[in-house]
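Residue numbers (our numbering), protein chains in the order written: chain A, 1 to 540; chain B, 1001 to 1477.
Keep in mind the hints are simulated off the structure, nothing from the lab. A portion of the hints provided could be inaccurate.
Said to hold, decoys possible - A few chain B residues that face chain A, going by a derived Cβ cut-off under 7 Å, partial list only:
no.: 1; residue: L1129
no.: 2; residue: E1188
no.: 3; residue: V1328
no.: 4; residue: A1331
no.: 5; residue: R1425
no.: 6; residue: W1430
no.: 7; residue: W1431
no.: 8; residue: Q1435
Built from N, CA and C at the ideal position, the CB exists for glycine as well.
Residue-level listing of the chains:
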Amino acid sequence: MAEIAGTGGLPGYAELHCLSNFSFQRGASHPEELVERAYRLGYAGLAITDECSVAGVVRAHVALRDLPAALAEDEAAHPERPPHPRNESFALLLGSEFDFGRFKLVVLAHDLQGWGNLCEFITAARTTAPKGQYRVRWNGGVDDSDMASLRHCEVVFIPRRDAGGAFDLPALQADLQRAAQLYGVQLWLAVELLHELDDDLWLATLMKLGAQTGVPLLASGDVHMHVRSRKPLQDVITAVREGKSVAECGLALQANAQRHLRTRSQLARLYPGQLLANTLEVARRCRFSLDAIRAHYQYPLENLGNGETAAQTLARKTWTGAQERYPQGVPDKVRRQVAHELALIAEMGYEMFFITVEDIVAFARARGILCQGRGSSANSAVCFCLGITAINPEKGNLLFERFMSRERREPPDIDVDFEHQRREEVIQYIYAKYGRERAAIAAVVICWRARSALRDVGKALGIDARLVDEFAKDHYWFDDGVQDQRLAEGAARIGVREDPLRLRQWIELTQRLRGFPRHLSQHVGGFVLTQTRLTRLVPV
Amino acid sequence: MHWIALRWLPPEVQAAADASPGSATPGVEALGTEALGWWALQFTPHVAWLDEALLLEVSACERLWGGRLALMRELERLNPVAQRLQRAQGASSLVALARLRLFARGVRPPVELPGGLPLDTLSAARPHLAVLERLGCRSWGDVASLPRGGVVRRFGGELRDALDVAWGRAPDQHVWLTLPEVFDLKFELPALAENAAALMWSANRLLAALQVWLRARQRGALAIELQWTLDLRRFNGVDLPPREQIIVRTAAPTQDMAHLRRLLHERLALTRLGAPASWLRLRSVETAPWAGASTSFLPEDNRKGDRLHELVERLGARLGAQQVVVPVPQADHRPEHMQSWLPAHQAALAGPARAVLRRRGKAAAAVAAAPPSAAAAPAAPPNTAAPGASPLYPPWLLREPLALDVREGHPHYQGKLSRLVGPQRLETGWWADGQPAVRDYFIAESPGAGLVWIFRERPSGWLASEAPRWFLQGLYG
């Protein structure tokens, strides 16, 4: 640990409580931005802990994977600038935050086992509550088998703090003791010092509490944004959540911008060294990466023939299909193409995907539900033989590499259109075959578009509703870079006077907000199927 | 069936009764028979006026009051007017009424009921008393024993029916009094009222009735309208409207007529009648459910004097609604924005009861017709902090932050300040006009002024090169 702690003479630190904008209407930074900022600040790690969700972790994971390459590219483009320091030991921690009223818990997965527990916990909390909400209970020792299920995880206990206000110390102590019984050495008590007037008192109180209960303390920052300058956007998001204008939100807004990723020198001035060092210990224990899921994922095995391997089944089905497609005998060209494709599929290990799709299409055909593969999958002779697509490879010139190639290392994508009135039948077939525990419809993240962002930011800033309507209707000029002029014209046209500064804020914040995830919705037909319990891999 | 008959002694009989309008309890003539009926509705839903007496049918509800005796005592105790209450009971309404009449005369009721009751206590027999007496009938029983057909032919069906009711052979039917949904009473003034003060004298009577109605409805008045009919169509060559009115509003629902009377009084004192008024009408415009206040033994709960909002309303009625301002807490992180001074009637809208009160906003503004007089000084505590404000905030805020001298990098206020607690960082207000508030607050100790609350303006962006500026914003102790 010494080598991490020593970098640049500053103490090492890992941020363990950080919300991305996938905590809808709370976080004000993309997971990518958070990861990059933490990496550049020389943090030992960053935990993305969205509220009862792990929706932000994939983007964070991808961002971290691509970051070294992006830095190298930047250095190559600007050789005159000093090179970016590399932070090889940077770890992305995955977890989630749960609000229990008197306190919050941040749960961080150690490994695949812990991840599975966390995902099941989120699933349980979400399914018992209305859409968009979740329900967690703290019974103080009575029937908290749910809570106890969070094994193989680090648990960070964050007491609720009303700055300057009184707090119920005995209740807090009881909660903490109960949590310590449940989680033992995996429990930590977080101190979040955010430049309030009574920070010293808070720190002293928690130190005492930690000493009484034997729970070690660590530092964390309740991060909502990656840099301080995101505060206005954070306020706007709060206003959207409250359904008011920013000026009306009052104390619902954060008092200051301290909930950002602070530099390690700032942290070193605020926190005792041991509290910072403890974050490194947590980061060391949590070594779970999303790559483990990929390695662990298994397709459902129902469709395999008796005792066959996946490759054998796919080959059998393909050649059988080919016989049906070409009753007069399979042409040589097609035969060669199919053999080539099968070899590649086997090499990449995607047989199960083809078999699963074939099964669904076969069901639809048997029921007389119209269906048709489309898109790049039409370039595959195997898909044609399996009856998924209808482009005869004998006639056309197939561009199989557009569909799947060794170089891209991306999973293939087969889009199948079903007759939409009867799509529900197909969905029910899938549920019936694989069971509710192993099949689920994929979610889509609905993001702010220019129009909705214009409306929401305009409302939050208290811009005249007529002006907001005027521009939300006709926002196609939005990317033209002539907004100021258009705004001035428009305001004059409908006779609304607005402060130019405010209009500029409106446009700037709208541009920032665009692309922010707003809520989750259901994909129209995307299914996730697994061999084992799905909820061990992702929350449902 | 069991009936109670009630009668209030007429004033000429009870000379001692002080029924002047200013006294705490009004007289019978001040309250009016309608209001007395409403008052009785609190005991039983079956209430009716019969001749001079108020009759209550109580067989279904007497247990609720702890029996007949307890109910009778309760009636006496809750008597709404100054006059004494006379009470009598009976198995039918007519018997109860007859006993009441005997009681008023000071005659003991007969042993045999209803047969022994003297005939003149029966209203239906009164027109025929002389004839009946000549027939030798002295009591109800005498008439009842006459042949039925003959009595009906000779005296009409009414007398016979009344006797059937008295003996319980026919149902005892009445038109029960009901409580109107809206209070709306008018009456003709005994004499033309020439000025507003004269109206006030008569309005008292209506207010007393309003109080009875509010209590019976268990509601409190939020707005009432006093309307008077003008006796002239034209006056000094000017066409007059048929009626004039004022509306009086109060912030909290009230059953306290003293407060409404004071408000009416202030408003009427500023009103000039267009012409002498002949009729007066009082109407409830808005009421709210009445949550009674519980009484307490603790002396600090029983405050003396007016409630604050009553004082504010009275001042507003006298000085004009715009002239009286009150502090309203605001939710904002910036200390100087945590309260604002608003005219009292707007402040009510900005308060927690916003949704309820907004409807009335327009009407309230329209009624505020009082002429502006000399500006009223705001009379309220210096610092009304928002509910979310930290208890560590100082109790006294400066109107404007005071720039502090900085010597050798240290702020001075009556000596060199030593920072004790802080910083508390504030970054907000970017949406407002002017500079956003980017400050670090400290509690500091001054050799001369004790504990003070100071802040340092944090250089934001383009001001980064400037030396930090220090301000004093609050004082402790």
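Q. Are W1430 of chain B and chain A close enough, Cβ to Cβ, to be under 7 Å, as the hint says?
A. 5 Å, holds
**Q.** Minimum beta-carbon distance criterion (7 Å), Q1435 of chain B to chain A
**A.** 12 Å, violated
Q: Go through the hint on R1425 of chain B and say holds or violated, using the shortest Cβ distance to chain A against 7 Å.
A: Result: holds, 4 Å to nearest chain A Cβ.
**Q.** Proposed interface contact between L1129 of chain B and chain A, which counts if any beta carbon pair is under 7 Å
**A.** 79 Å, violated
Q | Cut-off 7 Å, beta-carbon criterion: hint that A1331 of chain B touches chain A | A | 3 Å, holds
Q: Return the status of the interface hint for V1328 of chain B: holds when the least beta-carbon distance to chain A is below 7 Å, violated otherwise.
A: 13 Å, violated
Q. Does the interface hint hold: is W1431 of chain B within less than 7 Å of chain A, judged Cβ to Cβ?
A. 5 Å, holds
Q: So, E1188 of chain B near chain A? Judge it on the closest CB pair being under 7 Å.
A: 52 Å, violated
Hint compliance for this structure: hints 1, 2, 3 and 8 are broken, all remaining hints hold.
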